[in-house]
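**Q** Each chain, written out:
Protein chains: 6
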Amino acid sequence: MEDRYIKGLKNLEKIHPEASKRLMNNLKDIAPDLGRFVIEFPYGEVYERPGLDLKSREIATIAALTALGDTKPELKDHINGALNVGCERQEIIEIIIQMAVYAGFPRAINGINTAKEVFEELDEKAGN
Amino acid sequence: MEDRYIKGLKNLEKIHPEASKRLMNNLKDIAPDLGRFVIEFPYGEVYERPGLDLKSREIATIAALTALGDTKPELKDHINGALNVGCERQEIIEIIIQMAVYAGFPRAINGINTAKEVFEELDEKAGN
Amino acid sequence: MEDRYIKGLKNLEKIHPEASKRLMNNLKDIAPDLGRFVIEFPYGEVYERPGLDLKSREIATIAALTALGDTKPELKDHINGALNVGCERQEIIEIIIQMAVYAGFPRAINGINTAKEVFEELDEKAGN
Amino acid sequence: MEDRYIKGLKNLEKIHPEASKRLMNNLKDIAPDLGRFVIEFPYGEVYERPGLDLKSREIATIAALTALGDTKPELKDHINGALNVGCERQEIIEIIIQMAVYAGFPRAINGINTAKEVFEELDEKAGN
Amino acid sequence: MEDRYIKGLKNLEKIHPEASKRLMNNLKDIAPDLGRFVIEFPYGEVYERPGLDLKSREIATIAALTALGDTKPELKDHINGALNVGCERQEIIEIIIQMAVYAGFPRAINGINTAKEVFEELDEKAGN
Amino acid sequence: MEDRYIKGLKNLEKIHPEASKRLMNNLKDIAPDLGRFVIEFPYGEVYERPGLDLKSREIATIAALTALGDTKPELKDHINGALNVGCERQEIIEIIIQMAVYAGFPRAINGINTAKEVFEELDEKAGN
Numbered sequence: 001m002e003d004r005y006i007k008g009l010k011n012l013e014k015i016h017p018e019a020s021k022r023l024m025n026n027l028k029d030i031a032p033d034l035g036r037f038v039i040e041f042p043y044g045e046v047y048e049r050p051g052l053d054l055k056s057r058e059i060a061t062i063a064a065l066t067a068l069g070d071t072k073p074e075l076k077d078h079i080n081g082a083l084n085v086g087c088e089r090q091e092i093i094e095i096i097i098q099m100a101v102y103a104g105f106p107r108a109i110n111g112i113n114t115a116k117e118v119f120e121e122l123d124e125k126a127g128n
Numbered sequence: 001m002e003d004r005y006i007k008g009l010k011n012l013e014k015i016h017p018e019a020s021k022r023l024m025n026n027l028k029d030i031a032p033d034l035g036r037f038v039i040e041f042p043y044g045e046v047y048e049r050p051g052l053d054l055k056s057r058e059i060a061t062i063a064a065l066t067a068l069g070d071t072k073p074e075l076k077d078h079i080n081g082a083l084n085v086g087c088e089r090q091e092i093i094e095i096i097i098q099m100a101v102y103a104g105f106p107r108a109i110n111g112i113n114t115a116k117e118v119f120e121e122l123d124e125k126a127g128n
Numbered sequence: 001m002e003d004r005y006i007k008g009l010k011n012l013e014k015i016h017p018e019a020s021k022r023l024m025n026n027l028k029d030i031a032p033d034l035g036r037f038v039i040e041f042p043y044g045e046v047y048e049r050p051g052l053d054l055k056s057r058e059i060a061t062i063a064a065l066t067a068l069g070d071t072k073p074e075l076k077d078h079i080n081g082a083l084n085v086g087c088e089r090q091e092i093i094e095i096i097i098q099m100a101v102y103a104g105f106p107r108a109i110n111g112i113n114t115a116k117e118v119f120e121e122l123d124e125k126a127g128n
Numbered sequence: 001m002e003d004r005y006i007k008g009l010k011n012l013e014k015i016h017p018e019a020s021k022r023l024m025n026n027l028k029d030i031a032p033d034l035g036r037f038v039i040e041f042p043y044g045e046v047y048e049r050p051g052l053d054l055k056s057r058e059i060a061t062i063a064a065l066t067a068l069g070d071t072k073p074e075l076k077d078h079i080n081g082a083l084n085v086g087c088e089r090q091e092i093i094e095i096i097i098q099m100a101v102y103a104g105f106p107r108a109i110n111g112i113n114t115a116k117e118v119f120e121e122l123d124e125k126a127g128n
Numbered sequence: 001m002e003d004r005y006i007k008g009l010k011n012l013e014k015i016h017p018e019a020s021k022r023l024m025n026n027l028k029d030i031a032p033d034l035g036r037f038v039i040e041f042p043y044g045e046v047y048e049r050p051g052l053d054l055k056s057r058e059i060a061t062i063a064a065l066t067a068l069g070d071t072k073p074e075l076k077d078h079i080n081g082a083l084n085v086g087c088e089r090q091e092i093i094e095i096i097i098q099m100a101v102y103a104g105f106p107r108a109i110n111g112i113n114t115a116k117e118v119f120e121e122l123d124e125k126a127g128n
Numbered sequence: 001m002e003d004r005y006i007k008g009l010k011n012l013e014k015i016h017p018e019a020s021k022r023l024m025n026n027l028k029d030i031a032p033d034l035g036r037f038v039i040e041f042p043y044g045e046v047y048e049r050p051g052l053d054l055k056s057r058e059i060a061t062i063a064a065l066t067a068l069g070d071t072k073p074e075l076k077d078h079i080n081g082a083l084n085v086g087c088e089r090q091e092i093i094e095i096i097i098q099m100a101v102y103a104g105f106p107r108a109i110n111g112i113n114t115a116k117e118v119f120e121e122l123d124e125k126a127g128n
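Protein chains in written order, with my numbering: chain A, 1 to 128; chain B, 1 to 128; chain C, 1 to 128; chain D, 1 to 128; chain E, 1 to 128; chain F, 1 to 128.
The hints are simulated quantities; they were obtained by calculation from the structure and are not laboratory data.
Check the hints yourself; a few may be wrong.
Identical chains share a label here; the pair holds if one copy fits it or two copies do between them.
[Stated by the list, open to error] Keeping only pairs whose Cα atoms sit at most 25 Å apart, straight-line, the calculated SDA-like set for lysine to any residue is:
{"id": "1", "residue 1": "K76", "residue 2": "R22"}
{"id": "2", "residue 1": "K7", "residue 2": "P32"}
{"id": "3", "residue 1": "K14", "residue 2": "Q90"}
{"id": "4", "residue 1": "K116", "residue 2": "D29"}
{"id": "5", "residue 1": "K55", "residue 2": "D33"}
{"id": "6", "residue 1": "K116", "residue 2": "R36"}
{"id": "7", "residue 1": "K14", "residue 2": "D123"}
Build out the structure end to end from the sequences listed, making use of the hints.
**A** Following this line, the structure appears as structure tokens:
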């Protein structure tokens, strides 16, 4: 097993362990190599790089996904990921609100609704 | 003069004083109110909010502008702004490289070329 | 309460009273300030400006939302809003069809499906 | 009936007969001319042109729809269409994976999930 | 010569005669049929339809082009076109400012800069 | 040197040798690892995969870049690349025209202008 694959798995385990298992499972019959690429390139290479801490990386990712639109499942995963690497809920809300400035209010409102969904799922899991 | 206008000017002065003067000057004959909105809403409201530090806000903005494409003048301003609020050059490079994952390699390569331009302009000004 | 907030509420009441209540309600626990920004900036400033009538403003908004994609809830609200400020159903259909030219057929077809949903909801409410 | 309309129907019949009937049916009450435009312009003109074979045209379309995002119903139709004009399932998977490079991983992962849905529907219909 | 081609030419002559000549000239060696499609479909069909007046159509187009980004030459043509069918300069400015709400400030600022260029070219031609 | 790096260089050499040298040279001082990623991931992994021939891969890439917009340097490189792996000029023109259907006429017209630039540069180099 390649070095970057092992590093990628370790980063995924730290950032969003459940989401990554779900993704790999989902891809395994139809495009297992896309799953491998996700592990090796974003997580085994990019997130592994020094020069930017993981929390800042998740801030960048949440901003980009909110601005691009049509990435709800990935945004949900990265909101969870951001919380796992030290972001506060309020920080995530702030990033998404800020996107109203750069990508318009509809993207920001949709992003906030996605954050709301994630927070409610976490509260349910924690309190029930 | 309204409170948020004054706060906005102060934030602009801190983040990118030259760019904002250029922008206001550019808008003053054709759409001065758009200039006022830029001061009052993004800088007088959003960047003013507690809950996310200015450096993290600039990380989010650089990520979004790189991912969206066709925002070169604004990306240049915010790369300068990020440096002014404490980002290292290498951190900016990392954010832009990371966008290859979320918005594709062409957006990341274009973003890096824009960063290169900004860094070269700064080096020239510094007399190197 | 600020002037622009009051003006914004008045414009929202005129354009889409139900949608705005739903939105504010939705945002009130997670990002109430985003709700306030929606009232103050788009509706308290932009839609308040002379120089373009409300009907033309809604035409512009429907065109933009159709072209951008991934804005279905907002497009639904603004189709209702356009009807409330004097657009005919056929005019809305024409704007959306025209977007096939500028943003491609998939965006136009998705937009028409959204308009269909709105019109059917209105017909049901009207008891037809 | 115009020449390009007849040619368009013939091309639609060859590429995705069921999808086109569904689309026309969907548009017939609200925007029948948009349905006619779909037949006459994309299928009666563009897909009719010599200089690029139908299989290559479907490769181009799947790439573009995956990259643009928010076009799931159209992407489903064109995955079926690509299979009908001679693409292999694996070829379709490859096109979509490749979009990770040009439009980012989220678009590619969403595209693969759409392909998975289409393939499962086909397998069900085939009685597997 | 087909009916829709003749109607398209007439509409182009009314909306932006110079731009269309430039476009056709530009396309004539490499893709003359794309030039013909522009005449026949957008101008010979869509802009020809009753149900929405030409001024409203240009408002929709300027909104969409500003929101989409990376369409500067087309936006310039349609700002000229809007003026030719009865839009005031201030109305065009208002549409573009409004796009800050739906597509973010960078798109609006870029759009205003494009409008400024068009207005200056017109003033120069008018001998001011 | 890693296997995928060597394969990537070989693919780049086949597809667009000059463009890749220019890119690597451009990135070498500011973000050399982004250059390495381009070699290793798109060219060392994706373009290396069986299941889709190189010509079809370039068709997909040209379609996506035209549809996304704001990728002119990359589109120029891939038009050259497509010619190098067996596409005819007319095939490239057809792919770009087809994008009018999926991403609107402005993107298609801009794409054709880019193709024109590439073809003229090639003709000049060939001594015409």
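**Q** Hint by hint, note whether the structure agrees.
**A** For each hint, the structure was consulted:
no., hint, result
1, K76 - R22, "both (13 Å within a copy, 23 Å between copies)"
2, K7 - P32, "both (18 Å within a copy, 21 Å between copies)"
3, K14 - Q90, "both (21 Å within a copy, 24 Å between copies)"
4, K116 - D29, "between (32 Å within a copy, 9 Å between copies)"
5, K55 - D33, "between (27 Å within a copy, 21 Å between copies)"
6, K116 - R36, "between (30 Å within a copy, 17 Å between copies)"
7, K14 - D123, "within (20 Å within a copy, 37 Å between copies)"
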